[in-house]
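**Q** Listed below are the residues making up each chain.
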Amino acid sequence: MSAALAELILPGSIALEVTADTKAAALEELVGLLDAGRPLADRALFTEAVLAREALSTTGLGEGIAIPHGKSDGIAAPAIAFARSSRGIDWGSPDGTPAHLLFLIGVPEAAAGDEHLVILAKLARTLMRDEFRQRLLDAATVEDVLTILGEIAS
Amino acid sequence: MVASTTVVIGSAQGLHARPASLLTQSVAKSGAKVLLRAGDGAEANASSLLSVLTLGAKQGDSVEVLVDGEDEDILLDQLCELLARDHDA
Numbered sequence: 068m069s070a071a072l073a074e075l076i077l078p079g080s081i082a083l084e085v086t087a088d089t090k091a092a093a094l095e096e097l098v099g100l101l102d103a104g105r106p107l108a109d110r111a112l113f114t115e116a117v118l119a120r121e122a123l124s125t126t127g128l129g130e131g132i133a134i135p136h137g138k139s140d141g142i143a144a145p146a147i148a149f150a151r152s153s154r155g156i157d158w159g160s161p162d163g164t165p166a167h168l169l170f171l172i173g174v175p176e177a178a179a180g181d182e183h184l185v186i187l188a189k190l191a192r193t194l195m196r197d198e199f200r201q202r203l204l205d206a207a208t209v210e211d212v213l214t215i216l217g218e219i220a221s
Numbered sequence: 031m032v033a034s035t036t037v038v039i040g041s042a043q044g045l046h047a048r049p050a051s052l053l054t055q056s057v058a059k060s061g062a063k064v065l066l067r068a069g070d071g072a073e074a075n076a077s078s079l080l081s082v083l084t085l086g087a088k089q090g091d092s093v094e095v096l097v098d099g100e101d102e103d104i105l106l107d108q109l110c111e112l113l114a115r116d117h118d119a
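Order-wise, the sequence lines are chains A and B. Residues in the first sequence are numbered from 68 upward in steps of one, following our numbering. Residues in the second sequence are numbered from 31 upward in steps of one, following our numbering.
These aren't lab readings, by the way, just hints derived from the structure by calculation. Glycine included, each C-beta is placed from N, C-alpha and C at the ideal position.
A partial selection of chain A residues facing chain B, derived with a Cβ cut-off under 8 Å:
hint, residue
1, Leu123
2, Thr126
3, Glu130
4, Ile132
5, Ile134
6, Asp181
7, Ala188
8, Ala191
9, Met195
Next up, chain A with everything else stripped away, as it sits in the complex (with noise of 0.2 Å):
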């Protein structure tokens, strides 16, 4: 079994407030994010991944939720960045509410066929729950943002 969710979530992959007003520039940005916390094995790869998935189909969820992600050995092991954007991002979610909470998941190529899925079906569990996503909007501090993605369970 995969690790708990937590776990793929550093520190330094966390930002409370992204600069970027536009879905292009926040990939960027979440993807410097997943630099910052372990430096990715070749960032313009997977940054090709990402942008090439988010042609496929946008990765808005609705609920203000979006999970881009890329699978590319551009990235060596799981991991995860969490970014908020309090105006909100349009991110051509299904339900046309912009984006506010930002998941950028990287699995490596090799990774276990399974092991993205799974760690999307965990997330998307805890973020059903209104209470969940509106306590992750309020957390002030990194540290309360990792306390509160750590309660997801693995």
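Start from chain A and add chain B according to the hints.
**A** Okay, now just chain B, sitting in the frame of chain A:
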């Protein structure tokens, strides 16, 4: 009327965001109420991407699809075809 059947997930990497969004788009367009029920009894509202992703359905997993709406049999066929197809191929 409710129509239901069980389908085996075809995508190599399971019911991840991309195949799930194709499903939720079809459901939204139809206006029908569609429920997915996984083998472990977990249920998802097929019009919500977030809800569908909570199932974490892998390739080869059986999922029951329940459709409540007009022309439910036609819609059921369409949705099952979507779920059974390997979108990662």
